[in-house]
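Chain F is already provided as a structure; the job is to place chain L on it using the hints.
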Amino acid sequence: MISKQEVERIAKLARLELTEEEIIKMQKDLSSILDYMDILKKVKGGKETVHVKNDLVNAVRKDEVSMKESHLPEDLIQAAPNKQDMYIKVKAVL
Amino acid sequence: MSELLDLTISQLHEGLRDKKFSSVEVTKTYLSEIEKKDPAVEAYLAVTKDRALEQAEAADKIIATGKSFDPLCGVPCSIKDSITVKGMQATTASKILENYIAPYDATVITRLKNAGSVILGKTNTDEFTMGISTENSAFKVTKNPHDITRVAGGSSGGPAAAVAAREAVFSLGSDTGGSIRLPASFCGIVGLNPTYGSVSRYGAIALASSLDQIGPLTKNVEDVKLVFKVISGKDPKDAQSHPYEFMESDHSLKGLRIGIPKEYFAHGIDPEVEKIVRAAILKAEKAGAEVVEVSLPHTEHGVAVYYIIVPAEASANLARYDGIKYGLSVQEGSNLLDVYLKSRGRGFGKEPKRRILIGTYTLSAGYYDAYYKKAQEVRNLIKKDFVEAFKKVDVMFAPVSPMPAPKIGEKTNDPLSMYLMDIYTCPVKLAGVPALSIPAGTMDKLPVGLQIIGNYFEENKILSVASQMEKILQ
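As given, the protein sequences belong to chains F and L, one line each in that order. Per the numbering used here: the first sequence = residues 1 to 94. Per the numbering used here: the second sequence = residues 1 to 474.
Next up, chain F with everything else stripped away, as it sits in the complex (with noise of 0.2 Å):
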C-alpha cells in the first residue's frame, strides 16, 4: 500500500491540490493499479527497439517563422483568464 505521505509527495510534484477524502481514494486506487503492473516483472528482453514500415527517423524541419494567420497571437492571448494589453498576467512568483 502506497502510504498517505507518498501521494501527498507526488500530488505536489504534479501540482494537484488534492482534497483529504480524494488523498484516501488515490491511495487506494494508485495501490491496486501499481499492483497490478507487476504483471511486467518476469517479462524479459524488448530492449532492442522494433522498426517498422515507414519508421520516421529524426522528423525536423527548417527553423523558420511560418506564421500565416496573422490574428493568431491575438487569439491566443485572449485565451488567458488574467491579461493586460498583449501581456498575461501572473501572481508573484514567490
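Simulated from the structure, these hints should not be mistaken for lab results. Since the model is a prediction, treat every value here as computed from it, not as a measurement. There could be a bad hint or two in this list.
[Unchecked claim] Each computed BS3-like pair below joins lysine-lysine, with the alpha-carbon atoms no more than 30 Å apart:
no., chain 1, residue 1, chain 2, residue 2
1, L, 471, L, 461
2, L, 254, F, 89
3, L, 350, F, 4
4, L, 325, F, 62
5, F, 62, L, 237
6, L, 262, F, 41
7, L, 384, L, 374
8, L, 262, L, 234
9, L, 373, F, 44
10, L, 374, F, 41
11, L, 254, F, 53
12, L, 95, F, 62
13, L, 234, F, 53
14, L, 140, F, 25
15, F, 4, L, 411
16, F, 83, L, 342
17, F, 83, L, 86
18, L, 342, F, 89
19, F, 41, L, 350
20, L, 471, F, 83
21, F, 25, L, 407
22, L, 20, F, 12
23, L, 86, F, 62
24, F, 91, L, 325
25, F, 68, L, 86
26, L, 373, F, 4
27, L, 342, F, 25
28, L, 407, F, 47
29, F, 41, L, 113
30, L, 407, F, 28
31, L, 229, F, 53
32, L, 411, F, 41
33, L, 342, F, 4
Frame of chain F, contents of chain L only:
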C-alpha cells in the same frame, strides 16, 4: 424528410448532385432529429445550429456551380469535443476547459471545411478522452441508442451515439487505447483507428502523444473510406505525420489469409461475444478465405503497459493546464504556485487526477526503471508480436471488447475493471497498426463488433476486406 436520415455519404452526394434535395434541407433534418432525440441520448455537448446552416448554404452554393465537388460537401457531421474547431468550444468534457473557445482549426477540420462538410456540433467524450464509457465526462453520460440504460462506449461515445441515433451522418473521434473501435462496436456502427502517423494530430487535445489518432465513425465501410481519404496525409504541423496517400485497392476474401490471434479468445471473453465473432470468421472462411491461427504472445501484458505509458505521457501533456494560459483559473492564494495547485485541483476530474498521479509516480526518481522503462521494453515486444504475425497473414480478425455495452454505473467504482475493457484494443495502439470495428451481430439487441486489424498503412486492405464482410454479415 426523415428518409434523408437513412442516406450514406455517397447516397447524399448523388442526391445533392442531382438536386433532389439541398444541403440546407439535409442539415435542417439532422438538426431537428437532434432536437428530438438528444435529450435522451445526450450525444452532444454543443449544437451550433446557426453555423451549421451557414456552412450548408455555402455548400449549396458550391454545388450550384455544377462543377464536381467532394463527396463530403454539404454532409453534416459531429466532432468530438477533444478536437479544436475555430470559434467553438473544445472542453474535452473537462471543467478545466469549460469556457475555452478554440482559437484555431485542427488540421482534420481544415480538411473537412475545404471539402465543404457541415459541422453540427461538438460531441461528448470521457474527460480528456480517458475512459471507455463517457461516464468520466464532467458534463453528461451519453446513452447507448440501442438501450438507453447502457453506455455508448468511450471515449468517443458522443460521436458514436450521434451516428447510431441518426443525429449525424458521420463523426470524427479519436483513439488512444480503443476509443473509436469500442464505442463503434457498442453502438453498432463502423469506426476506424488509422495507422499511427496517417492522420494529423494537430488540434487534437493531447492525451498520450505516442498513441493518439483521429479517425472516422460512420454508418458503413464506404463512408469510413470517404472520410479517411479527406483527413489523412502529411501535415507539416504534425512532425509525426507521414507522407501517406490513401490508395484504394481490391483484396478478395478468396485466398486472403486471415489470422486469428488465439490469445484474444483465451479467457474473460463473454461466450456470446465469442460466438458472434467466430460466426463471422466462419463466414469469411466460407467465402474462400484461409483462416490461420496466430499468436500475439504478449497480449496479456498490453493493459499493464498501456496504463503505464498513457498516464506517464498524460501527466506531461496535462501539465499545460496551469490556470495561466487558458481555461479555468482560480486566483485565490498569494502566489503563482497557489494558482497552479487550486486551478488544477478544482478543474480536473477524478480520472485525469488519477492518471496524472500514476504518471508522476512512475516517472519519478527511483521508479522510472521499474515502470516506465520496463513498459517501453514490453511495448517493443508487443510491436514485434504484430510484425511477426503479419509475416504470415494479410489481416487479423478479433473481438473488439470482451463484452457488450455495460449498464451505466456498472463499472464506475472499479477503475481497474474499466481498464481491462481495453484488452483487445490497446495492443493495436501500442504497435501503431490500423484496425476497424464493424457490426458482426447482436446479443439481446446489443451490437457486437468484429475487429479487423491490418498491417502498417494498409487501411486500404482493411477497408476492402471490411466492405466484403459487411455484405456477408448482413
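Hint-by-hint comparison with the structure:
Between residue 471 of chain L and residue 461 of chain L the alpha-carbon distance is near 16 Å, which keeps this suggested pair within the 30 Å criterion. About 66 Å separates the Cα atoms of residue 254 of chain L and residue 89 of chain F, which puts this hinted pair outside 30 Å; it is violated. Taking the CA atoms of residue 350 of chain L and residue 4 of chain F, the gap is near 17 Å; set against the 30 Å cutoff, the hint holds. Between residue 325 of chain L and residue 62 of chain F the alpha-carbon distance is near 27 Å, which keeps this suggested pair within the 30 Å criterion.
Taking the CA atoms of residue 62 of chain F and residue 237 of chain L, the gap is about 12 Å. The hint holds against a cut of 30 Å. Distance hint between residue 262 of chain L and residue 41 of chain F is fulfilled; the C-alpha atoms sit about 23 Å from each other, no more than 30 Å. For the hint pairing residue 384 of chain L with residue 374 of chain L, the CA-to-CA distance comes to about 16 Å; that is within 30 Å, so the pair holds. Taking the CA atoms of residue 262 of chain L and residue 234 of chain L, the gap is near 35 Å; set against the 30 Å cutoff, the hint is violated.
Distance hint between residue 373 of chain L and residue 44 of chain F is fulfilled; the C-alpha atoms sit about 13 Å from each other, no more than 30 Å. Note on residue 374 of chain L and residue 41 of chain F: the hinted pairing holds, with a Cα-Cα distance of about 8 Å set against a maximum of 30 Å. Between residue 254 of chain L and residue 53 of chain F the alpha-carbon distance is near 26 Å, which keeps this suggested pair within the 30 Å criterion. Distance hint between residue 95 of chain L and residue 62 of chain F is unfulfilled; the C-alpha atoms sit about 38 Å from each other, more than 30 Å.
At roughly 16 Å between alpha-carbon atoms, residue 234 of chain L and residue 53 of chain F fall within 30 Å of each other, so this suggested pair holds. Proposed proximity of residue 140 of chain L and residue 25 of chain F is supported: the alpha carbons are some 23 Å apart, at most 30 Å. Restraint check for residue 4 of chain F and residue 411 of chain L: satisfied, since their Cα atoms lie roughly 25 Å apart, inside the 30 Å limit. For the proposed pair residue 83 of chain F and residue 342 of chain L, the alpha carbon gap of about 19 Å is at most 30 Å, so the pair holds.
The straight-line distance between the Cα atoms of residue 83 of chain F and residue 86 of chain L is roughly 21 Å, inside the 30 Å bound, and the hint therefore holds. Between residue 342 of chain L and residue 89 of chain F, the direct Cα distance comes to roughly 17 Å. Compliance with the 30 Å bound is thereby established for this hinted pair. Pair hint residue 41 of chain F plus residue 350 of chain L holds up; C-alpha atoms about 28 Å apart against a cutoff of 30 Å. As the CA atoms of residue 471 of chain L and residue 83 of chain F are separated by approximately 58 Å, the hinted pair breaks the 30 Å bound.
A threshold of 30 Å between alpha carbons decides the hint, and for residue 25 of chain F with residue 407 of chain L the separation of about 24 Å falls inside it, so the pair holds. Proximity of residue 20 of chain L to residue 12 of chain F is assessed by CA-CA distance (about 62 Å); at most 30 Å being required, the pair is judged violated. With a CA separation close to 27 Å, the supplied pair residue 86 of chain L and residue 62 of chain F stays within the 30 Å bound. A C-alpha spacing of about 13 Å is found between residue 91 of chain F and residue 325 of chain L, which places the hinted pair at or below 30 Å, so the restraint holds.
Our distance criterion of 30 Å between C-alpha atoms is met by residue 68 of chain F and residue 86 of chain L, whose separation comes to about 15 Å. Only pairs whose Cα atoms come within 30 Å are accepted, and residue 373 of chain L paired with residue 4 of chain F is accepted, the gap being roughly 25 Å. Annotation: proposed proximity of residue 342 of chain L to residue 25 of chain F holds, straight-line Cα distance about 19 Å (limit 30 Å). In summary, the hint linking residue 407 of chain L to residue 47 of chain F is not supported, as the alpha carbons are separated by about 41 Å, beyond the 30 Å threshold.
At most 30 Å may separate the alpha-carbon atoms for a hinted pair to count; residue 41 of chain F and residue 113 of chain L exceed this at roughly 48 Å. This hinted pair checks out: residue 407 of chain L and residue 28 of chain F have alpha carbons roughly 24 Å apart, not beyond 30 Å. Proximity of residue 229 of chain L to residue 53 of chain F is assessed by CA-CA distance (about 20 Å); at most 30 Å being required, the pair is judged to hold. Simply put, residue 411 of chain L and residue 41 of chain F have alpha-carbon atoms about 27 Å apart, close enough for the 30 Å limit, and the pair holds.
With a CA separation close to 20 Å, the supplied pair residue 342 of chain L and residue 4 of chain F stays within the 30 Å bound.
Figure legend: structure checked against the earlier numbered hints; hints not met, in rising order: 2, 8, 12, 20, 22, 28 and 29.
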